[in-house]
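Chains A and B, in that order, give the protein sequences. The first sequence maps to residues 1 to 334 in the numbering used here. The second sequence maps to residues 1 to 697 in the numbering used here.
It is worth saying that the hints were derived from the structure and are not from the lab. Do not take every clue at face value.
Subject to a maximum C-alpha distance of 27 Å in a straight line, what follows is the list of computed BS3-like cross-link-like pairs (lysine-lysine) [stated by the list, open to error]: (1) A:174 / A:185; (2) B:49 / B:15; (3) B:518 / B:326; (4) B:87 / A:157; (5) B:87 / B:326; (6) A:188 / A:174; (7) B:122 / B:49; (8) A:328 / B:50; (9) A:157 / A:328; (10) B:502 / B:693; (11) A:157 / B:64; (12) B:50 / B:90; (13) B:326 / B:90; (14) B:567 / B:692; (15) B:44 / B:15; (16) A:328 / B:49; (17) B:630 / B:692; (18) B:631 / B:693; (19) A:263 / B:567; (20) A:316 / B:50; (21) A:157 / A:174; (22) B:336 / A:188; (23) B:87 / A:328; (24) B:122 / B:64; (25) A:317 / B:64; (26) A:316 / A:328; (27) A:28 / A:317; (28) B:64 / A:328; (29) B:502 / B:518; (30) A:328 / B:90; (31) A:317 / A:174; (32) B:518 / B:567.
The primary structure of each chain is shown beneath.
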Amino acid sequence: MNRRCLVYLLVTICLVFSQAGLLSAAMKPYRIYVVAWRGITNGERGFMDYFTDRKIPVEFIIRDCESDKNRLPDFVREIKEIRPDLVYVFGTSGALGLFGPRDNHPADKYITDIPGVFNIVSVPVESNLVENLNSSNRNITGTVHIAPMETQLNALKSVFRLTRLGVLYNPQEKNSVLALKKLEKAGKEQGFEIISSAFGLKEDKNPDKASIPEAVVRLAAQNPQLVYFPSDSFLVSNATEVVDILNRYRIPVFSATEDPISKSGALMGLVCHYYNVGMYSAYKAEQILVHGKKPSEIPIDSLNRFSFLFNMTAAKKLDLYPPFNLLKFVEIVR
Amino acid sequence: MKTDNKTPVVSLTFKINLLTIALIGLSGLLLSLSYLPIFDETTKPLIDKKAYAIAESLGLSFRKAIENEIPLDRLQNTALVFDQVLKENKELKSIMFANPEGSLLYRDSGVNIDKGLTGFIKEKAGQSSRTYVLTSADVFHGLEMPVNYHGIYYGKLFIETDREYYRQVFQDILFDILTVILISFIVALEMLKLTINLLVTRPIELVAHALDEMKKGHYWQRLKSSGLGEFVSIDRQLNAIADSMTSRYRAAAARYENLSTRFAGARGLGDAARSLRAIEAEYLFEPPADVRQYRPGRIPNYRAPFFIFMFSHMLCLSFVPIMSEKMYRPIMGLSKSFLNGVPISAFMLFWALAMPLTGIWLRRLGRRKFIFLGCLISALSLLLTAFVSRYEYFVVLRSLSGVGFGMVFLCVQDIFLRGSQQEERSIASSYFWAAFFSGTVCGTGIGGILADRAGFSGVFIASALAACFSWVLFLFLAEEDKGSGEPKDMKHYDSALGTIIKNIRFSSVVLFLSIPGKIVLTGFLYYLVPLTLHGFGASQSFIGRVLMIFSLAIIFIGPFFARHFSKYFSRAFLSVSGSVLAGSSIIIGFLVHTVYGVVIGVTLLGIARSMYLPVVDALALEAFRDEELKKIGTASVLSIYGLFEKAGNVLGPVIVGLLLSFADTRSALLLIGTGTAACGLLYGVLHLIEGKKAAVS
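Here chain B stands alone, though its shape is the one from the complex (with noise of 0.2 Å):
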């Protein structure tokens, strides 16, 4: 809301604003806190059962050895079996198992044998028993479990507890919270955002407009009451009292009327003339005739709907091809990692092909209606996406999910951008990608930790929910827009198309900026990255986590870039170096390949995105001079341009699988980054000739 002075709106909003964030992290913490004695309770105890139900089933095997007058040191693969239950039983550190005489017969192979613990064992596997006992040394925490056959004591199982599995085990429960806790912050913002916006910010708003139309003696304009609170009294008083004055100026005007027609000539009423004629150049009691509406606040109530249409098609993102992987089959002699990045390239062709179709019939029938259609078909696709099995239905269902969010996404950006006032746009802009990327945030990092706990059916179940609760929103929030107007004439794009093309400063722009930028987008961190940290045996809710980073660069260090770098560089040094730290991103997977070399390089790249994804556009509009840009028109290009980001976007993870159907993970990256370093460095030389070349003519 625009004020000359700081209104109490202002600052009530952002109290309500801080007061919840407080509300949400204290609770989340004090829960947090009060559930850590319980989860030290009930975790240890787990860990021993686990830990006696697997001396059980190695004391059964002995047992068996035992009956059948096998030697006990005659064994073979015992090393290998015990290797095998540690790798299956985390919690575990040790497997070992001792004759009466106190000698290790077998071991695991990573278990260190010290003086200490040899001695322990000495000690512990001389002594029978009949049942196990639960030991806590130095040199050992955990069971001894003996192996007995027909009251003849044969040896000792130990089997020894990881201490530090619980920090461990808590550690990724606190990343969880501390996931869910930020997640909460953003949905609660959002969701207070609408309300405030709903119940207080545009009714105080209307008020205040009311206020200073009466100010300036308007008195035709009357308040829709929003039916609300204290609103709705003040709502009827301001009415009333327009009536009143309107009411009275018509009476004194008929009055007059009146009166000159009995009394024409009286000497009175000239001054009443001039009176009246003074009030009506004053005062205003029916409308202008170019009036405009005020419609304050219409554009933050498409904000939380879209956030949450966001946050529906992000939660899979962590995990589509990891899904893919899981459902592959030999089809037509494609390779694997190809085929792992075609549902990905699915959703984002159809995503590409949804929206130029749903702009020709936009005008004609209505945004409510591609709303709605939209938000059916991404739930209802969501949905059986979760009980898919075979992969050729999930690239089916992947595509239809890419024409839903396609028609919704096109839609609300319509509105966002063409259908607030011209002052509000900016403003309108920047709710619009808020509500982007904080859904995507909230949705890969919520949709990892659903992943591991429910399964990824569970997720695509929840996609489908939040999916129609955003329907419910948009049916609650979204203005009626029947739709005016014949289709989109497309004609004009079409020849703009050629113009635009043959461009070479706009063409260079695509090329070596925007759509490799998107190949890594989609290739990289949507395809790849997954994989990988799948490969290296992360957990989904860490998977996520990493897509979050990303988002969360973009969202707190681009605006930095954008209000402080962008003074003292220019636009193409910027994207030149975007350009080139994207590359050397990913090239840090490829010399540390590791988690956290995956890690790193994600966070640079969020970095490396957010210094040119302000810019790149505006490229590609500098690429044309005024007056071409006057005939094209700023859409088409915008359209065009949009229109290649896209193909980028469909590319990047079919490229990476071709990458990868020839070459290893490693080779793969250091390929992509170099490719997409070159190409930046590549548009700083072509920019840079140009540049001389528009010097020199």
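So that you can see chain A by itself, here it is in the shape it has in the complex (with noise of 0.2 Å):
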């Protein structure tokens, strides 16, 4: 009798301690490495209130590599270590940096076995991370925020009657230079000039900030009619500095992202809002982790709906409003 008394005991301490593992198994929280490439954006913000606002447990570890690519490969060795269920990452750079070129992208180098999601990536494609965009195959997947060069065009030329534009690039951003060479080849078939100025580079390869008003004055001096901002980060971190000397020029700011505009002066641009954009890339890592699928699964894509935004206080500087016609769409920021 007492014997089998005490192997009933063990057995449901047992199964208790068994549930209670399940459960604590159940209860543990993903846990998501964040890269952001300068400082927390409302990419990232986007990214992990999703997962708060549904209750989805997760512990995010969060890097920032404040705009210098040469700590990437530290990042990487940091989560070869711990080993997270996720490595969620910002831009471009970002993105090549931890996963690698679609073409060369070694194992012992870069990260491969761990699921990937980038986010605020324009041109992954003519980066070199994916091969189309229907599928990376490969361990990773993402959103691309921008909207299409020739959708940015019409809506810049509801507004302005083109001939002249200037392009401001960081020539080691492979999105800028990719977004110049599209704007280089619209002009030709469209009838207007495109007249560029790249920003100057220090040693290591980074952009240089000093270089920026010499940069941009040098634009300014060849009177183009407005310029052009690409997703560039550099361009981005810099953004007021840049509006303010083009102010000064009386030359307007059409910008691809959305902070130039909001936060730096630049008077419009059709943008995705990061916020939305990083939700978006959250359920897609949703879909890994809770899901069970492969990033080779998930498409490569961005939100179909795009926000022209018409910065109200750049207006009244330039004495430049938005068009009557477009006055029911634009989303006006101050």
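Each chain sits in its own coordinate frame; assemble them with the hints.
Next up, the structure:
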């Protein structure tokens, strides 16, 4: 009798602990390694809020490149050590630094065995990050945040009769260089001129902040009608300084991304809100973590809806207001 | 019905037709007039409602500008927006915005600002208000909408409505109503003709024939009761008389036989025998050996179903190229203009192919089977076309429609021309072409109106239903025709083909008159005219009416030329004049490149075609000497001639499509017109040369 009771007690205890183990495993939060490029942006906020809103338990391990790609190898090492459930990264440079180009990503140098989600990458195929947007054929997926160049130009031309467009860019930023090439091609086809000015580089090949005034003034001196800001992290980080110089020359700015308009005084742009894009990236991360999908099964795409932002403060300074036909649709920011 | 004196049947038919026309016309007019006040009452408020909705929408933009502190006098593109709104809403005349000081800040580019209007705007804009006002003044008739934001008045929108718009709308509707009334006449007449033929004409003709026969002493015929109305008892009475006469004769003959057997050689028998022989000489109680069945009124029965069949296919005539343009997508580097014409050419090609193939098997299988098959293919292909959205499928379905059309066309033509008695043939031919053209007139007219209201899909569904209805009519009216004999032997045609083509006069008729005429018909009229008018902004109803004008010109003017001009002018002269006039009518479209230029061109084209249409195939036959014609056969010549004509049908849209690939519409019109006139003149020259050669030899 006593032996029987002891056996029953042991079995019960085992069952209880095993259930506790299962429960605790179920309650254990997902670990997501977040690599920001230039601090926490609305992209990261949207990404993290998604999980909070849906009460999905997640532990975020946050790192910041501070716009320096030389930090990325350290993050790679750390990721390999702590082995999170998923890696999130902001921007093309960050994504290439963590996951490597699609045609050359040795496992010892890059993250290949942990699923990854990249956010705010404008041209993943042209950047050599993935082969095609329907499937990366790799252990990564992500979101694009930029409206197609043709759509942006149509929005721009609804306000200006385009003849001479200036472009500021970072020669080290793939997004920037690709955007410039697309604009040059469009300019030849549609009959407008492109004038460009590149930022200078430091010895470590990173863009030089000190070169900003000279680059902007050099561009302004060529009398562009307006200036286009591509999706360029360096440019976005220093947008306020750039816009201030251009405002002195009364040259408006059309930005491909949100922050220069909402935070730095650029006049207008056709953009996807970073926050919404971040949430969309989080949705893809949820597919991987909770629903067990492989990243290669999740297509890389963008949100279908864009916002035409118009900065009213900049509009007043430049005396350039949204056209009447767009008033119903523009999103006014100050 | 041929009678020596004007019989009550003929005048009765005429009276019934006249009564029908009067009733339809009167009821149509009365209905339209009764709806006129309702039209006025309902239309005006609708236009005001629209003006209000537009004012609200524009007001939102102004309020957003105010909300975001955009100075109201610094808004770009405002006039462009006003212009766009006016372009899309024809019932509005002008849009203006004035500030509270009365200064006109924005207006559409078309508004004419005079002193009166300026004063009016200054006065009204200076008056703030909380809600909209409908105004009717000499200088302005429309809506005033204040732009307020948080209780502060910022200015006023003035949206003027067009008082003339009602009249314009009514005018458009009036044309549609008149078109529908005209088509109702034609449809009612066709149905009336069918009904009268079935219920009145045919039974009376049979009775009259029976009485004629009895008058001649022929008592062997019996009337088969049609089972309708009074004619049942008339038929029975006549049959009873014939039975009675026949039975009396037979009784007398039997009695004579009996008596002559029993009392051979008796004196009275000789007289009896003579009397019997006299009766047998004068009267006929048994059917003769060469009996010919009298079958009146068969042919008119096919007119109504063929009319409905033509109607079903012609409904879409006014918009096939427009529909094709909407479905366009690049295929194999072919130009859009070329591809737009392919569906028309496909229909013509498969119509042309279906006819000889049907002809080969017609005798063997019988016309009824082919008619039903043709109606089925037509109905199915038309129905499926209603749901098609891809260009390739559209072309395939048009081809199938052509097959169905060709099968029924040939069978009915065969019935009319070969199924009628010799003396009826010219009437039968006129019935055939009357049904062809009235179906075309009605189809094109109604198709355009229906397309404006129900869309292209609606028209194709209606076409399919009409094709089914024609099938039902054929089912009840077509005679049993099991078919007999073997398939037609084509070897005869093969051997005739070479002889025919080598005849220079025949070839010149085909190359310079017939084929260009068909190219103009399908390439210019069916392809270029709808697209050009559509490009000018004409509605589908209008395009349908324009195509109707062409057919009406042929129906009403053609017989005039046939009757009068053919007495004084030779066929060659009429053909050449017709070709030159046809070419000139197209050139008018080039010179006056507006809607009216095209309408005038189409009307003249109809007149031109009615000049040479009746004579061209006769010219083709005249190209051969009598002995040649006897050897080859008239049917062979006409069949091969018809084949070349149909090649012209197919080539028309192709040639015009290719022209449009390299030139604009105006240049294409000039080239086609010049080409057509030149071909006519060239034929004239060749005809003269051949005439002189013949005179010399």
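Right, here's what the structure says about each hint:
1. A:174 / A:185: Answer holds: residue 174 of chain A to residue 185 of chain A is near 17 Å, not above 27 Å.
2. B:49 / B:15: Violated - the C-alpha atoms of residue 15 of chain B and residue 49 of chain B are around 50 Å apart, more than 27 Å.
3. B:518 / B:326: holds, 26 Å
4. B:87 / A:157: holds, 22 Å
5. B:87 / B:326: holds, 21 Å
6. A:188 / A:174: Given pair residue 188 of chain A, residue 174 of chain A holds - Cα atoms ~22 Å apart, limit 27 Å.
7. B:122 / B:49: Holds. Residue 122 of chain B to residue 49 of chain B sits at ~25 Å (cutoff 27 Å).
8. A:328 / B:50: Holds, at roughly 19 Å.
9. A:157 / A:328: Roughly 17 Å between the alpha carbons, so the hint for residue 157 of chain A and residue 328 of chain A holds.
10. B:502 / B:693: Within the cut-off at roughly 17 Å; holds.
11. A:157 / B:64: This hinted pair holds, its Cα atoms lying about 22 Å apart.
12. B:50 / B:90: The hint holds at about 11 Å.
13. B:326 / B:90: holds, 24 Å
14. B:567 / B:692: holds, 23 Å
15. B:44 / B:15: violated, 43 Å
16. A:328 / B:49: holds, 21 Å
17. B:630 / B:692: holds, 25 Å
18. B:631 / B:693: holds, 24 Å
19. A:263 / B:567: violated, 92 Å
20. A:316 / B:50: violated, 35 Å
21. A:157 / A:174: holds, 25 Å
22. B:336 / A:188: Holds, because 26 Å separates the two Cα atoms, which is no more than 27 Å.
23. B:87 / A:328: holds, 20 Å
24. B:122 / B:64: holds, 24 Å
25. A:317 / B:64: holds, 19 Å
26. A:316 / A:328: Distance ~19 Å between residue 316 of chain A and residue 328 of chain A Cα, so the pair holds.
27. A:28 / A:317: Violated, at about 53 Å.
28. B:64 / A:328: holds, 7 Å
29. B:502 / B:518: Distance of about 22 Å is within 27 Å: holds.
30. A:328 / B:90: Answer holds: residue 328 of chain A to residue 90 of chain B is near 23 Å, not above 27 Å.
31. A:317 / A:174: Violated, at about 32 Å.
32. B:518 / B:567: Between residue 518 of chain B and residue 567 of chain B the Cα gap is close to 26 Å, so the pair holds against 27 Å.
Checked against the numbered hints listed earlier, the structure breaks hints 2, 15, 19, 20, 27 and 31; every other hint is satisfied.
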